[in-house]
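Q: The whole structure should be built from the sequences, with the hints applied where relevant.
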Amino acid sequence: VSSPAEAARATAAALQALERRGLNATLHWSAEALEREAARVAALPAPGALQAMPIALKDNIVTDDAPTTCGSRILEGYVSPFEATAVRRLRAAGALIAAKTNLDEFAMGSSTEHSAFGRVQHPLAADRVPGGSSGGSAALVAAGAVPAALGSETGGSVRQPASFCGVVGVKPTYGRVSRYGLVAFGSSLDCISVFGRTVEEASRVLCAISGHDPLDATSLAEPPLQLPAPRTDLRGLTIGLPREYFPADLDGGVRAAADRTVEALRALGARVVEVSLPHSPYAVPAYYILAPAEASANLARYDGVRYGPPRPAAPDVQALYRAVRGRGFGSEVRRRILVGTYVLSAGYYEAYYGKAQRMRARIADDFRAVFADGVDLLFTPTTPSTAFRAGEKTADPVAMYLADIFVCPVNLAGLAALSLPIGRSEGLPVGGQLIAPAGGDALLLSAAAAVEAAVDPAGEVR
Amino acid sequence: VTIRREDVLAIARLAAIDVQEAELPVLVAQLNRIVGYVAQLESAPAGDGTEAFVPGPTALPLREDVVRPEPLSRPPAELAPAWRGGYFVVPRLAAMEEP
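Residue numbers (this note's numbering), protein chains in the order written: chain U, 493 to 954; chain H, 338 to 436.
Be aware that a few hints might be false.
[Unchecked claim] Cβ pair distances, simulated, as ranges:
id, chain 1, residue 1, chain 2, residue 2, range
1, H, S380, U, R758, 45 to 53 Å
2, U, R758, H, Q357, 54 to 62 Å
3, U, E884, H, Q377, 20 to 28 Å
4, H, A347, U, A721, 52 to 60 Å
5, U, R758, H, Q377, 35 to 43 Å
6, H, G422, U, G610, 18 to 26 Å
None of these hints come from the bench; they were simulated from the model. All C-beta atoms in this analysis are idealised placements derived from N, C-alpha and C, irrespective of residue type, glycine included.
A: Next comes the structure, spelled out in structure tokens:
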């Protein structure tokens with residue numbers, strides 16, 4: 493274990509090297525800030541659970557000592573007057589806040605190509621995307637600059653980039669981690685989530701930031717998670733394979749890695765059964781009604797008065813709002829605000845939003861039914877393919893949205909889920925996903941440790 | 338449903354977002370693509386119930402009705418371009434309204 497000062501110096505050197513490579517994973521960091529963090533941690537009265545662990549933060553999680561831009565021109569230079577509860581808990585646990593990381597603007601995207609500050613490169617293949625929207629955090633962990641990072645999920649934005657980059661990504665049960673200080677996108681979906689090089693590192697960070705927070709009314713009234721003992725086998729557990737997540741057109745490499753992992757689950761002693769989640773194929777269309785609807789309301793505050801860049805000359809206040817928002821938001825954010833405004837508008841509300849709300853209830857019912865039927869965990873591929881090429885999906889928003897087809901049902905249902913590397917296909921990482929019922933975070937983490945120990949994360953599968 | 342150029346302009350006005358003439362053709366095509374895709378829910382078996390699913394606590398807790406200091410790391414006076422006598426000084430928006 494290195495001292496805080498040594499950890500800070502090593503992290504600064506690693507971040508600098510990645511900058512020279514052009515990864516573009518960070519938006520704000522400095523060697524001086526890391527030194528200050530090291531001094532602060534060294535002065536703590538007792539070592540914390542994350543003593544001297546450098547952790548990066550997605551730049552939609554507010555800190556009071558560095559800007560929070562959300563990857564948007566509209567928040568360029570903004571420094572929050574308060575800190576997110578998750579950040580306060582990290583600092584109290586002895587972590588070094590290492591950097592703020594690049595992201596799709598306001599966390600809207602699946603490739604981290606929609607940042608106002610340029611796209612993030614995949615750490616293993618510069619011409620590919622790291623996934624998104626938390627692509628900067630995933631890339632930093634995968635490149636070895638930090639052992640862990642925070643991201644956020646609204647529709648899979650940690651598990652999907654974790655899968656693409658070959659690291660662990662865990663999304664806790666909705667409400668397990670306070671949203672206080674996470675810039676709002678879709679409030680009924682948003683969830684601070686964690687990347688780690690290993691299940692153990694991600695688990696330690698999740699435990700440190702979890703627990704009830706009176707500053708978030710949707711926070712669960714539960715104490716912080718205790719680090720569960722890692723399981724060495726899966727005996728006594730039933731693991732379901734939802735057939736809708738293994739479609740005929742699944743990428744060959746992803747299928748081979750998933751098949752190999754299913755064999756590992758059996759070898760670990762789990763009972764493996766096929767199940768059905770019949771409404772999951774409707775999760776992406778439901779999500780792309782509900783999330784833009786919530787975004788259109790949440791992002792109304794960026795109007796050039798409450799938040800936003802210096803005011804352009806405008807003849808009236810409405811023109812001011814339109815000019816600031818028209819210039820300040822990028823193309824994907826504007827598209828989603830427009831879609832959200834459309835589906836909430838008079839005459840369309842019931843046909844779109846009402847129907848999507850009912851579909852969300854059906855999707856959650858499906859999960860509840862399989863868990864009530866004796867299934868302890870579900871296993872699926874995390875993504876239908878490995879990391880795609882930069883620019884491959886930017887012209888067709890729906891093709892981009894479908895990159896999240898296996899991850900966003902979990903967000904709609906508020907469950908806990910984790911992606912871990914289960915092999916490589918043509919050199920690119922493949923992720924496997926374990927899904928637990930709401931509140932099943934400890935079982936998820938302990939079972940994932942057993943799977944991690946049984947599967948070669950870097951082994952070629954075809 | 339087909340979204341036309343005029344529809345996009347009307348939605349953009351509701352959303353308070355300026356849209357340039359040159360971007361309209363692409364925006365019209367993309368919004369049609371997205372809305373056409375999500376419209377598959379119309380024929381999906383979602384049931385006729387009115388219940389909505391909301392994750393998180395089953396009941397939202399109420400806070401005590403007491404004034405607490407905001408956990409701010411900088412005082413309010415530093416949060417606005419101008420501050421006088423304990424108040425934010427902001428533009429007189431009414432003066433900017435169209436007559």
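Q: Going through the earlier hints one by one, which of them does the structure break, listed in rising order?
A: 1 and 6
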